[in-house]
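Student: Residues per chain, in single letters:
2 protein chains.
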Amino acid sequence: MNATIRKAGANDMAQVLRLIKELAIYEKEPDAVEVTVDDLIAYGTGDDAQFTCFVAEEGTDILGIALVYYRFSTWKGRTVHLEDLIVRQEHRGKGLGMALYTEVIKYTYELGLKRVEWVVLDWNKSAVDFYEASGANVMQEWNTVQMDAEAMKAFLAKKGLI
Amino acid sequence: MNATIRKAGANDMAQVLRLIKELAIYEKEPDAVEVTVDDLIAYGTGDDAQFTCFVAEEGTDILGIALVYYRFSTWKGRTVHLEDLIVRQEHRGKGLGMALYTEVIKYTYELGLKRVEWVVLDWNKSAVDFYEASGANVMQEWNTVQMDAEAMKAFLAKKGLI
Chain A
4 MNATIRKAGA NDMAQVLRLI KELAIYEKEP DAVEVTVDDL IAYGTGDDAQ FTCFVAEEGT
64 DILGIALVYY RFSTWKGRTV HLEDLIVRQE HRGKGLGMAL YTEVIKYTYE LGLKRVEWVV
124 LDWNKSAVDF YEASGANVMQ EWNTVQMDAE AMKAFLAKKG LI
Chain B
4 MNATIRKAGA NDMAQVLRLI KELAIYEKEP DAVEVTVDDL IAYGTGDDAQ FTCFVAEEGT
64 DILGIALVYY RFSTWKGRTV HLEDLIVRQE HRGKGLGMAL YTEVIKYTYE LGLKRVEWVV
124 LDWNKSAVDF YEASGANVMQ EWNTVQMDAE AMKAFLAKKG LI
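Top to bottom, those sequences are chains A and B.
Per our numbering, the first sequence starts with residue 4, numbered consecutively.
Per our numbering, the second sequence starts with residue 4, numbered consecutively.
This is chain A alone, in the form it adopts within the complex:
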């Protein structure tokens, strides 16, 4: 692997967004990405950045990203969440994913935090096996619940609050 792993800056965000969109197209949800380059710069750079994006770079090309941010556990305090780990299709199998994964674990460990967390699709056996082999704990009993803006609006309207 000849790639360098480093933190993304404002100038990288156009390429970062391209990777995010590539994955969405691969997952057959091309229109799901509402995030813009300006959002990535606003929330992912500067002193009060809400997330940190690591990039795997070869020359001037960004071939992979790992995007993390803090969460707060009422038991363990500050933790790290790995939101996305993406490697460009044609650059898989070169160790970039492992390099980014290792960087995220090192980052969390060096901050002295007690947990790094992410989600995986239960049918993605190769990912589940990889995570378990690396020492992570895959918990099948917790389900993710999401409410979108439309459902929030309907809920609040029903309560007479909007």
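Any given hint might turn out to be false.
If chains are identical, the list can't say which one is meant, so a pair holds when it fits in one copy or spans any two.
[As the list claims (entries may be wrong)] With a cut-off of at most 16 Å between alpha-carbon atoms, the simulated EDC-like pairs for lysine to aspartate or glutamate come out as follows:
(1) 10 x 51
(2) 109 x 153
(3) 24 x 34
(4) 128 x 50
(5) 10 x 106
If you're looking for bench data, these hints aren't it; they were derived computationally from the structure.
Since the structure of chain A is provided, determine the placement of chain B on it from the hints.
Tutor: Relative to chain A, chain B alone:
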């Protein structure tokens, strides 16, 4: 319901921690709570607070809490995560949980954000039914993965990084 819902300040955090610990004892994990009152004040108050804690208060007693923070979706941008919603055992059935839940949805909606998210145990049928009836989407295919400090250390040592 005679309770007031408001945001917690530094003076509330001792009572907030008591509720967190009560729940841990109920869940038979009394030693799992490593968070301190100082942590709650440091991360949950002030201009750069990492989380917002809503409390349900009757007189000077905090009877319930809902603790939320921002996350960042690479598709939807900033979102809200509901980490914990706790109502004291002896004050359940009075609508406090619904009032806190409603407050969190209202807070997210008024911020103009596109998603509020949390997790639920899959065997907790009454909670799952409640969330679905309120318009939320319970997704069984996503599993939570966590790596703790010990596993991070072992992983990094194996890689020769520490």
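Student: Checked against the structure, which of the hints given earlier come out wrong?
Tutor: 4
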